[in-house]
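Chains as they are written, first to last, in the working numbering: chain A, 39 to 284; chain B, 39 to 284; chain C, 21 to 324; chain D, 21 to 324.
Hints in this document: simulated from the structure, not taken from any laboratory.
Note that the structure is predicted; figures quoted are calculated from it, not measured.
Please note that the accuracy of each hint is not assured.
To be verified - So, partial list: chain A residues that the calculated Cβ filter (under 10 Å) puts toward chain C:
| no. | residue |
| --- | --- |
| 1 | 61 |
| 2 | 78 |
| 3 | 122 |
| 4 | 123 |
| 5 | 124 |
| 6 | 167 |
| 7 | 252 |
| 8 | 255 |
| 9 | 256 |
| 10 | 281 |
Said to hold, decoys possible - Think about it this way: if two alpha-carbon atoms lie no more than 30 Å apart in a straight line, the pair counts; the simulated DSS-like pairs of lysine-lysine are:
| no. | chain 1 | residue 1 | chain 2 | residue 2 |
| --- | --- | --- | --- | --- |
| 11 | C | 308 | D | 70 |
| 12 | D | 318 | D | 296 |
| 13 | D | 154 | C | 221 |
| 14 | B | 89 | C | 176 |
| 15 | D | 154 | B | 89 |
| 16 | C | 221 | D | 255 |
| 17 | C | 302 | D | 221 |
| 18 | D | 221 | C | 296 |
| 19 | B | 109 | C | 136 |
| 20 | D | 221 | B | 231 |
| 21 | A | 72 | A | 46 |
| 22 | C | 302 | C | 176 |
| 23 | D | 221 | B | 109 |
| 24 | A | 89 | B | 109 |
| 25 | D | 296 | C | 318 |
| 26 | C | 154 | B | 89 |
| 27 | C | 154 | A | 46 |
| 28 | C | 255 | D | 221 |
| 29 | C | 154 | A | 89 |
| 30 | B | 72 | A | 89 |
| 31 | C | 221 | D | 302 |
| 32 | A | 198 | C | 221 |
| 33 | A | 89 | D | 255 |
| 34 | D | 221 | B | 89 |
| 35 | D | 154 | C | 255 |
| 36 | C | 221 | D | 97 |
| 37 | C | 154 | D | 255 |
| 38 | A | 89 | A | 143 |
| 39 | C | 176 | B | 198 |
| 40 | A | 198 | A | 143 |
Beta carbons are placed, not taken as given, at the ideal position from N, Cα and C, and that holds for glycine.
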Amino acid sequence: MPRFLELKVADCKRLNADYFELWLEAPSLAPLCKPGMFFELKAQTAAQERKLFKPISVAGVLNDRISFIIKAIGPGTRALAEVQPGETLFALGPLGNDFPLVEGKNVLLVSGGVGWPPLGFLSDLLKERNKITHIHGGAGASDIFPCDRAYTVDGSAGEKGLVTQDLPQILTDQNIDIIYSCGPLPMIGAVQKIAPKIPHFASLEAYMACGLGACHGCVVPVGESYLRVCADGPVFNAADIRWEEI
Amino acid sequence: MPRFLELKVADCKRLNADYFELWLEAPSLAPLCKPGMFFELKAQTAAQERKLFKPISVAGVLNDRISFIIKAIGPGTRALAEVQPGETLFALGPLGNDFPLVEGKNVLLVSGGVGWPPLGFLSDLLKERNKITHIHGGAGASDIFPCDRAYTVDGSAGEKGLVTQDLPQILTDQNIDIIYSCGPLPMIGAVQKIAPKIPHFASLEAYMACGLGACHGCVVPVGESYLRVCADGPVFNAADIRWEEI
Amino acid sequence: MNRLATSLGKLSLQSPITVASGTFDTGYFDLFEQNILGAYTTKTITMQPKAGNPPPRIFETEAGLLNTIGLQNPGLKGFLSEELPRLRDLLDIPLIVSFSGSSVAEFEAILETLEKEEGIAGYEINVSCPNVEKEGIAFGAEPDVVFALACALASKSSRELIFKLSPNVTDIAQIAIAATEGGASSLALINTLYGAAIDWKTGRFRTSNPVCGYSGTALKPVALALCHKVAQAVKTPILALGGIHTWQDALEFFYAGASAIALGTAFYSDPLAAVKLHQGLKDHLEEKELALSELIGKASLPLP
Amino acid sequence: MNRLATSLGKLSLQSPITVASGTFDTGYFDLFEQNILGAYTTKTITMQPKAGNPPPRIFETEAGLLNTIGLQNPGLKGFLSEELPRLRDLLDIPLIVSFSGSSVAEFEAILETLEKEEGIAGYEINVSCPNVEKEGIAFGAEPDVVFALACALASKSSRELIFKLSPNVTDIAQIAIAATEGGASSLALINTLYGAAIDWKTGRFRTSNPVCGYSGTALKPVALALCHKVAQAVKTPILALGGIHTWQDALEFFYAGASAIALGTAFYSDPLAAVKLHQGLKDHLEEKELALSELIGKASLPLP
Ligand SMILES: Cc1cc2nc3c(=O)[nH]c(=O)nc-3n(C[C@H](O)[C@H](O)[C@H](O)COP(=O)(O)OP(=O)(O)OC[C@H]3O[C@@H](n4cnc5c(N)ncnc54)[C@H](O)[C@@H]3O)c2cc1C
Ligand SMILES: Cc1cc2nc3c(=O)[nH]c(=O)nc-3n(C[C@H](O)[C@H](O)[C@H](O)COP(=O)(O)OP(=O)(O)OC[C@H]3O[C@@H](n4cnc5c(N)ncnc54)[C@H](O)[C@@H]3O)c2cc1C
Ligand SMILES: Cc1cc2nc3c(=O)[nH]c(=O)nc-3n(C[C@H](O)[C@H](O)[C@H](O)COP(=O)(O)O)c2cc1C
Ligand SMILES: Cc1cc2nc3c(=O)[nH]c(=O)nc-3n(C[C@H](O)[C@H](O)[C@H](O)COP(=O)(O)O)c2cc1C
Ligand code: FES
Ligand code: FES
């Protein structure tokens, strides 16, 4: 059951020009967090007062603390980037479902940009009992996080190109049993197209208002209907998504 | 001719629970400022970005600096209260007309609350060549500034009551030749009613949008029409105001 | 003494705070107690299930929210089988069912079906949908259509009948009069304004439908003006909504003539908006030693 | 090459930025050069002088401005004797005179008088005023009235004839079609929405008229939606306004089909809004190697 709290900021540090890492003190919530779940966060500034919360995936949990890795791209995330340790912010969560866990598998993680954090968290949980290959892509060097193979559109880090470009090769070389992905819809769609038969769980992004399943604003075409990313996801079976509508 | 500038804050200090004093560096504007004139000021915060400027009277000038005495009563004035020395703020001014000056007269200054600053400034200019009596009133002790007789509604400073209560007495005792007033319209109206025959110049307050005479938002009923406090005032001959409409 | 008690037509409400149709869900009761609210309004249901519009469906503007949900709902049958039993079990507060139709007959059919169900205190009639019998012009746009619809529905039910009016009309007072004369026992206003947003980088609309419903803070002055206009035109109780966030906002609407208010978009910037509104209103009325009912419609002109 | 050049019906404008009637005055030219603007629009004048409404006339809301100025103006004669000569001397940019009347005959009489004067490039017809011949319903509310008015005025002038439309109507596209068919050579939209505010402490309206005109940031999504609706309905050039502040805002309107835009309330939060808009637009178009005219009406649907 999600909670709505003012959480204390334990730390907020810049990782590079675009990203920062936020740590929140949340003894009652930290144990509930699983990879795929997210929070609706909001800074307590006058300018953000009437604004929507920002959905941000849990990037990790350490004792009483929850971490988030956030790209400052607009007013909401920029306001979050400026919170100071000791201050509080508004948090609604944990929200959404989580990735199903596996054992003894060859696991491929595919992430793009801000899709990295939930897969980084997932990787921590899976790595002892599975063989993991994590490929990650982004627009430029600042979008790159720890992984086995990195790709950038501008070639400023890792290989130049899209994260999906070597996918067929990797699937056979690593004999992949299951795929977990998180990133822009077109990326997830490309993965699904290349590997339609491999079990594939994708965490989706969508513009959100309520975060609680009330507004039906955050839907994606799944199965016979439009499902809510916040309440029915964010993790979906990639095969169920109606890719022809995307 | 008014200018629109980003002015550097030389100082901003709290005077009491409600009021603060703001000093701006404005070498090109300071020499233009006369008692009665005002600026449209605005803090450079995200929350104030799309907000109206706040009309604030010039409270004094010292070399290159202009001072303001401001009561923090709402979002606009509270944002001004939080500016730090060295920061800049937006200033449009100097705006409006000024009080006509006199010599060799028995002058009465009547101010209420935030009406004090322009009369304080005026007093500085008049005091060498005139005999001045300054009476001032407010809701409580924090509204009281240097004057000859102070009145508060709650009795927490000076005499309990309205600034106008001893007016008939003062007019005769001091043999007053001319009155300058600034404060809420009902106060100015009361003064005018008690002393209809004495020359009386009043600086008026009004809700303002443009501050430049463009929007016709800040009018008062004067003479045959509605005149703009920002561009036709703020100083009016109190006898010209259509008091029956107020 | 419950200073917050109010009534909306035939309904006695323990709190004047309700929720805007389509914006709220029982999930919020994980965050606060339902008795903060005076009533619970469902999202609008239609005869047939509706898949709704494709994404993107929402976009936040400087001072409000655009949505083009497209009335996604499980249809009347789905509502009766899945939603209604759950709501009946869960709710201690009056349940108001919002519904819409594409013809007067369809509205009547939905109402007749709902009349057979227990646990429904009232209906909120959403007339912002296109009328198939009138070239797709919204039901709520024409006084004669609203009058006919109100007559048809009022004659079939003794439950509270709330007509929810759209602000996108030339003269909302005429619509309010028509609904009242037809038998609406209260009026909810306002539904969303028209709104749109475009990504200046790409020239693409931000939502799958260019023209959306516009809600939130930006609407408050519009909603208040229309609440005043309607309160001047009819005596029918008003459920006011549109951009309400705080107890001070709510007071403005009570003064303008609203008997109750609803929160919608406010929940998305503050999930506890209703709780804070409730507390603030309670404290204010206690301090003033007033009951809410003493303020309703008591707005006056300013001193110059 | 002037990438910012545009046209509005018969007018060629060196800048697509103009000013909203009633919000602007030549006093602003103390702060910036007039050639930032493509044209100058006067406040609305009427046949007889108007004293306007008593104070308080304005109030700022969370995201906009309420005003009830009441068309204070010196009347046609006063305008001709005091304002027009001054404007003619001062302006290097086209002058658009906004006027209004209380009957078709009064509109015609004003136009006929202005036709005799030089230095006027066009007229902006403000149809938001009550029509004395039609029980005080606003002129702009009824397509047939708008059509008749446009016919009457278009036949008497070869100058640019801009009809300024109100958003407070059920279907603005119908009004736009009527104005176009009657002979309006361009359309300005939108005028203010209805809006009100009440002081929650006292229950008093914040302005001397309870129902005001509502302008500013809050209006932008509404103005954009209506600009899109009108652009879909008619080919008549559009002068868009309502809540525009930044060059990004302006781009949204160009994509939605506007040939030019106007700033109003924006001046009150930033007196240099037009200068920044001009610069931002210029830089953007240079970076993209585009002329403004290439963007107009090029909005498209989003990728899902
Ligand atoms: C379930 C979920 C989990 C998420 N987890 C994370 C996370 O762990 N870390 C993180 O940094 N972000 C995450 N996001 C994305 C994050 O929510 C958005 O970046 C944020 O809402 C942007 O808000 P803003 O106010 O800063 O910018 P906005 O003003 O909303 O957007 C700024 C600009 O960026 C564009 N934009 C908005 N969203 C995106 C996007 N997703 N990708 C590219 N451009 C965009 C907009 O069009 C706009 O032009 C997640 C989103 C979802 C739905
Ligand atoms: C020509 C002129 C000169 C002025 N000079 C000064 C000055 O030197 N120092 C100074 O402190 N102020 C001065 N004022 C008043 C000042 O402009 C207002 O207090 C300010 O605009 C309030 O803005 P805000 O955003 O802080 O509060 P708002 O949100 O605008 O108002 C906060 C609350 O206070 C109420 N309120 C607003 N204005 C007043 C008022 N004047 N009196 C009582 N209640 C009010 C409102 O109804 C509201 O409830 C002057 C005004 C004018 C027109
Ligand atoms: C996401 C969303 C969904 C909505 N769905 C409905 C609906 O199903 N039926 C309805 O009558 N109004 C619907 N509305 C309109 C609201 O009930 C309300 O009239 C409007 O949002 C104004 O109130 P607010 O500003 O407080 O949100 C919806 C609004 C939003 C934001
Ligand atoms: C103070 C003020 C005065 C106005 N006066 C007029 C007017 O005389 N004639 C007119 O057609 N519109 C008038 N308007 C409406 C504006 O021209 C414009 O249509 C509206 O403000 C929306 O634009 P904005 O949001 O950019 O201000 C006025 C608006 C304001 C704020
Ligand atoms: S954000 Fe409201 S349903 Fe998902
Ligand atoms: S504030 Fe605009 S005319 Fe005075």
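Consistency of the hints with the structure:
The closest approach between the C-beta of residue 61 (chain A) and any C-beta of chain C is roughly 23 Å, which is over the 10 Å cut-off, so the hint fails. Interface restraint check: residue 78 (chain A) against chain C, minimum CB-CB distance 9 Å, threshold 10 Å, status holds. Interface hint at residue 122 (chain A): violated, since its Cβ lies 22 Å from the closest Cβ of chain C, which is beyond the 10 Å cut-off. Contact between residue 123 (chain A) and chain C, as hinted, is not supported at the beta carbon level, the nearest pair being about 24 Å apart and thus beyond 10 Å.
With its C-beta approaching chain C no nearer than about 23 Å, residue 124 (chain A) sits outside the 10 Å limit, and its interface hint is violated. Nearest Cβ of chain C to the Cβ of residue 167 (chain A): about 33 Å, over the 10 Å cut. The hint is violated. Interface hint status for residue 252 (chain A): upheld, as the beta-carbon distance to the closest one in chain C is roughly 3 Å, under 10 Å. Interface hint status for residue 255 (chain A): upheld, as the beta-carbon distance to the closest one in chain C is roughly 4 Å, under 10 Å.
The restraint placing residue 256 (chain A) at the interface with chain C holds, with a minimum CB-CB distance near 7 Å, inside the 10 Å limit. With a least beta-carbon distance of about 13 Å to chain C, the hint placing residue 281 (chain A) at the interface is violated under the 10 Å criterion. Taken as a hint, the residue 308 (chain C) and residue 70 (chain D) pair is broken in the structure, with Cα atoms around 42 Å apart against an allowance of 30 Å. Proximity of residue 318 (chain D) to residue 296 (chain D) is assessed by CA-CA distance (about 24 Å); at most 30 Å being required, the pair is judged to hold.
For a cut-off of 30 Å, the pair hint linking residue 154 (chain D) to residue 221 (chain C) is broken: about 46 Å separates their Cα positions. Restraint check for residue 89 (chain B) and residue 176 (chain C): the C-alpha separation of about 51 Å exceeds 30 Å, so the hint is violated. Restraint check: the Cα-Cα separation between residue 154 (chain D) and residue 89 (chain B) comes to about 39 Å, which exceeds 30 Å; the hinted pair is violated. Under the criterion of a C-alpha separation no larger than 30 Å, the hint pairing residue 221 (chain C) with residue 255 (chain D) is consistent with the structure, at around 25 Å.
Proposed proximity of residue 302 (chain C) and residue 221 (chain D) is supported: the alpha carbons are some 14 Å apart, at most 30 Å. Among the hinted pairs, residue 221 (chain D) with residue 296 (chain C) is consistent with the structure: their alpha-carbon atoms are about 18 Å apart, no more than 30 Å. Between residue 109 (chain B) and residue 136 (chain C) the alpha-carbon distance is near 62 Å, which puts this suggested pair outside the 30 Å criterion. For the hint linking residue 221 (chain D) to residue 231 (chain B), the alpha-carbon distance of about 29 Å falls within 30 Å, and the restraint holds.
A threshold of 30 Å between alpha carbons decides the hint, and for residue 72 (chain A) with residue 46 (chain A) the separation of about 20 Å falls inside it, so the pair holds. With a CA separation close to 37 Å, the supplied pair residue 302 (chain C) and residue 176 (chain C) exceeds the 30 Å bound. For a cut-off of 30 Å, the pair hint linking residue 221 (chain D) to residue 109 (chain B) stands: about 19 Å separates their Cα positions. A hinted pair counts as satisfied when its Cα atoms are at most 30 Å apart, and residue 89 (chain A) with residue 109 (chain B) qualifies at roughly 29 Å.
Distance check on the hinted pair: residue 296 (chain D) and residue 318 (chain C) sit about 45 Å apart at the alpha-carbon level, beyond 30 Å; violated. With a CA separation close to 44 Å, the supplied pair residue 154 (chain C) and residue 89 (chain B) exceeds the 30 Å bound. Simply put, residue 154 (chain C) and residue 46 (chain A) have alpha-carbon atoms about 57 Å apart, too far for the 30 Å limit, and the pair is violated. Taking the CA atoms of residue 255 (chain C) and residue 221 (chain D), the gap is about 25 Å. The hint holds against a cut of 30 Å.
Using a Cα cut-off of 30 Å, the hinted pair residue 154 (chain C) and residue 89 (chain A) is violated, with the two alpha carbons roughly 39 Å apart. Using a Cα cut-off of 30 Å, the hinted pair residue 72 (chain B) and residue 89 (chain A) is violated, with the two alpha carbons roughly 43 Å apart. Between the alpha carbons of residue 221 (chain C) and residue 302 (chain D) the distance comes to roughly 14 Å, so the proposed pair stays at or under 30 Å and holds. Distance check on the hinted pair: residue 198 (chain A) and residue 221 (chain C) sit about 25 Å apart at the alpha-carbon level, within 30 Å; holds.
For the hint linking residue 89 (chain A) to residue 255 (chain D), the alpha-carbon distance of about 37 Å lies beyond 30 Å, and the restraint is violated. The hinted pair formed by residue 221 (chain D) and residue 89 (chain B) meets the criterion: a straight-line CA distance of about 22 Å does not exceed 30 Å. For a cut-off of 30 Å, the pair hint linking residue 154 (chain D) to residue 255 (chain C) stands: about 26 Å separates their Cα positions. For the hint linking residue 221 (chain C) to residue 97 (chain D), the alpha-carbon distance of about 47 Å lies beyond 30 Å, and the restraint is violated.
Taking the CA atoms of residue 154 (chain C) and residue 255 (chain D), the gap is about 26 Å. The hint holds against a cut of 30 Å. Using a Cα cut-off of 30 Å, the hinted pair residue 89 (chain A) and residue 143 (chain A) is violated, with the two alpha carbons roughly 43 Å apart. About 66 Å separates the Cα atoms of residue 176 (chain C) and residue 198 (chain B), which puts this hinted pair outside 30 Å; it is violated. Among the hinted pairs, residue 198 (chain A) with residue 143 (chain A) is consistent with the structure: their alpha-carbon atoms are about 29 Å apart, no more than 30 Å.
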